[in-house]
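Using the sequences plus the hints, can you model the full thing?
Those sequence lines, one after another, are chains A and B.
For reference, each letter of the first sequence is one residue, going 1 to 240 in our numbering.
For reference, each letter of the second sequence is one residue, going 1 to 258 in our numbering.
Treat the hints loosely; a few may be bogus.
[Claimed, not checked] Calculated from the model, a selection of chain B residues having no Cβ within reach of chain A, i.e. all distances over 10 Å:
#  : residue
1  : Ala59
2  : Ile86
3  : Asn89
4  : Ser97
5  : Thr107
6  : Ala118
7  : Val130
8  : Arg136
9  : Gln141
10 : Asn149
11 : Ser187
12 : Asp189
13 : Pro216
14 : Tyr246
15 : Lys250
[Said to hold, decoys possible] Cross-link-like lysine-lysine pairs, in silico, BS3-like; alpha carbons within 25 Å at most:
#  : chain 1 : residue 1 : chain 2 : residue 2
16 : A       : Lys161    : B       : Lys61
17 : B       : Lys167    : A       : Lys161
18 : A       : Lys215    : A       : Lys133
19 : B       : Lys57     : A       : Lys161
20 : B       : Lys72     : A       : Lys161
21 : B       : Lys61     : B       : Lys72
Quick caveat, the hints were computed from the structure, so don't treat them as lab data.
Backbone N, C-alpha and C define an ideal beta-carbon position, used for all residues, glycine too.
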Amino acid sequence: MTTPSASPRHHPIARATHWISAIAVTVMAMSGLRIFNAFPAFSPKGAGAWPWWPFEGMRAPAWATFGGWLGGARHWHFAMMWVLVINALVYLVHLYHRGRWRTIVPRVNTWRDAIEMARFYLFVRKDHPIQGKHNALQQYAYTTMLACGALLVVSGLAIWKPVTLGWITRLLGGYAYARWWHFSAMLLLALLVLVHVIMVFTVDPYAIRAMTTGKYDDEHWSPEARNARPLFNLWPRKDQ
Amino acid sequence: MVKRILTQRVEQAAEQLRESGALDRRGFMRLMSLGVVAPLVTACGLPGSEGAQRLLKSAEKNNERLERWLLKTANASDRVPRGVPIAGNAFPSYFVSRQMPVWDAATMGNWTLTVDGAVQAPRTFTWDEVRRLSTRSHTVQHYCVEGWNAAAQFQGIPFTQLARLVKPTADAGFVDFSSFDSGYHESWDVESTMHPQTLVVVAKDGQALSPAYGAPARVHSPIKLGYKNTKYLTRITFMSAPNGGYWSSKGYEWFGGT
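What follows is the structure, given as structure tokens:
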């Protein structure tokens with residue numbers, strides 16, 4: 001029924017770094033929430049209310065945390081950050097070296113394609129827009145995720161070393177703002193990861209195989225070929 | 001239990017794959033989802049394991065090396081910019097004793113600060129001497145391990161000046177700060193004690209320290225997290241090896257730098 005394409009859809013480096021970062025980001029986010037729970041607010045002491053977070057004082061639920069206690073969560077956070085950063089560097093070098101960033105980073109006029117994609121998902125448009133490896137909405141989502149990752153690393157340094165790396169902390173508006181940027185970038189990244197996972201299962205489950213074994217059949221499995229919207233046309237296209 | 005069932009299911013799916021030579025969609029999805037879930041469930045047992053603890057310890061050691069390097073190379077001054085309000089009474093305070101430690105001269109005698117250990121001229125300072133030496137004043141941030149920060153104006157003796165008076169020996173790589181708060185203490189690397197903003201503090205926001213903030217004297221530096229900054233200070237000991245501390249022995253990182 002299927003003829004696997006000669007080259008894998010995702011390079012082995014892309015596949016390995018994808019799953020490593022999935023684990024690293026999860027541990028970072030959950031241990032980060034445990035650290036956050038020790039002081040679930042942003043305002044410096046004696047500085048009044050914090051304007052940019054309506055839930056001051058609200059803790060993250062225990063099931064969303066990792067590390068057990070503050071000290072444990074910090075140990076995990078500061079150990080896993082090396083996995084995250086080294087893995088990200090390997091991935092970015094790969095993206096650059098192979099020119100694969102072109103499949104991910106949107107162009108100036110990608111917004112037109114994004115509108116077409118949105119129209120297709122909303123049943124306004126009948127057939128799937130022609131796309132490259134990723135559609136326009138994916139490109140925006142993935143690029144934003146990478147940007148969130150960069151902001152998380154920079155703001156993380158600003159919180160970890162507010163004195164010895166004080167220039168980064170000052171760049172982000174001070175310690176409290178650095179914490180807020182760190183937290184906000186985590187929330188946005190978590191939201192995009194959630195959407196990403198939902199879309200994988202409801203639009204393109206074949207992407208899971210493409211991201212593990214690399215095997216993929218563009219002609220039958222790609223959302224483009226299947227004319228797949230969320231939850232619709234999950235089956236491979238039958239040969240005429 | 002869960003792990004066993006999952007392993008069984010993965011094996012079933014693999015068996016099916018071997019027999020048919022190909023995976024139908026359902027089998028493929030099952031294999032994929034189990035392949036993701038099974039290692040996660042296994043991983044849930046790992047965080048507490050001995051191997052994980054060893055890895056975390058080694059990460060802490062390596063991070064400390066980087067932190068020490070940063071301290072050495074960075075232009076690390078933490079003066080609070082003009083216009084930033086000080087925390088004042090909103091500055092949190094805590095102690096580990098059952099009751100707030102208060103130095104009672106009637107039962108405990110006059111408070112003194114002993115500086116000893118790996119030094120050529122150990123000394124015991126009286127309160128008057130400590131106060132007379134407390135010439136430095138600056139407004140800096142205090143960073144707590146919990147994640148909050150608070151600005152305060154501290155006045156005290158620059159630690160470098162204290163060190164000049166007692167003349168540490170060449171092997172004095174560490175300094176222990178201990179207290180009358182149920183023996184609370186924390187040891188530092190000597191480089192952090194020599195940071196220009198490390199003070200033996202006697203006054204906060206222009207007033208003598210109150211018992212809540214560690215009276216009569218405490219150590220403070222923006223370069224260390226709050227728990228390293230021993231309050232209710234009584235003794236400073238130069239050492240050739242670190243001797244842990246109250247919170248660092250409970251599992252918080254020993255270096256605790258900012």
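Going down the list of hints, with the structure as the test:
| no. | hint | verdict |
| --- | --- | --- |
| 1 | Ala59 | violated (3 Å) |
| 2 | Ile86 | violated (7 Å) |
| 3 | Asn89 | violated (8 Å) |
| 4 | Ser97 | holds (21 Å) |
| 5 | Thr107 | holds (34 Å) |
| 6 | Ala118 | holds (26 Å) |
| 7 | Val130 | holds (26 Å) |
| 8 | Arg136 | holds (17 Å) |
| 9 | Gln141 | violated (7 Å) |
| 10 | Asn149 | violated (5 Å) |
| 11 | Ser187 | holds (17 Å) |
| 12 | Asp189 | holds (13 Å) |
| 13 | Pro216 | holds (23 Å) |
| 14 | Tyr246 | holds (13 Å) |
| 15 | Lys250 | violated (7 Å) |
| 16 | Lys161(A) with Lys61(B) | holds (16 Å) |
| 17 | Lys167(B) with Lys161(A) | violated (30 Å) |
| 18 | Lys215(A) with Lys133(A) | holds (14 Å) |
| 19 | Lys57(B) with Lys161(A) | holds (20 Å) |
| 20 | Lys72(B) with Lys161(A) | holds (13 Å) |
| 21 | Lys61(B) with Lys72(B) | holds (17 Å) |
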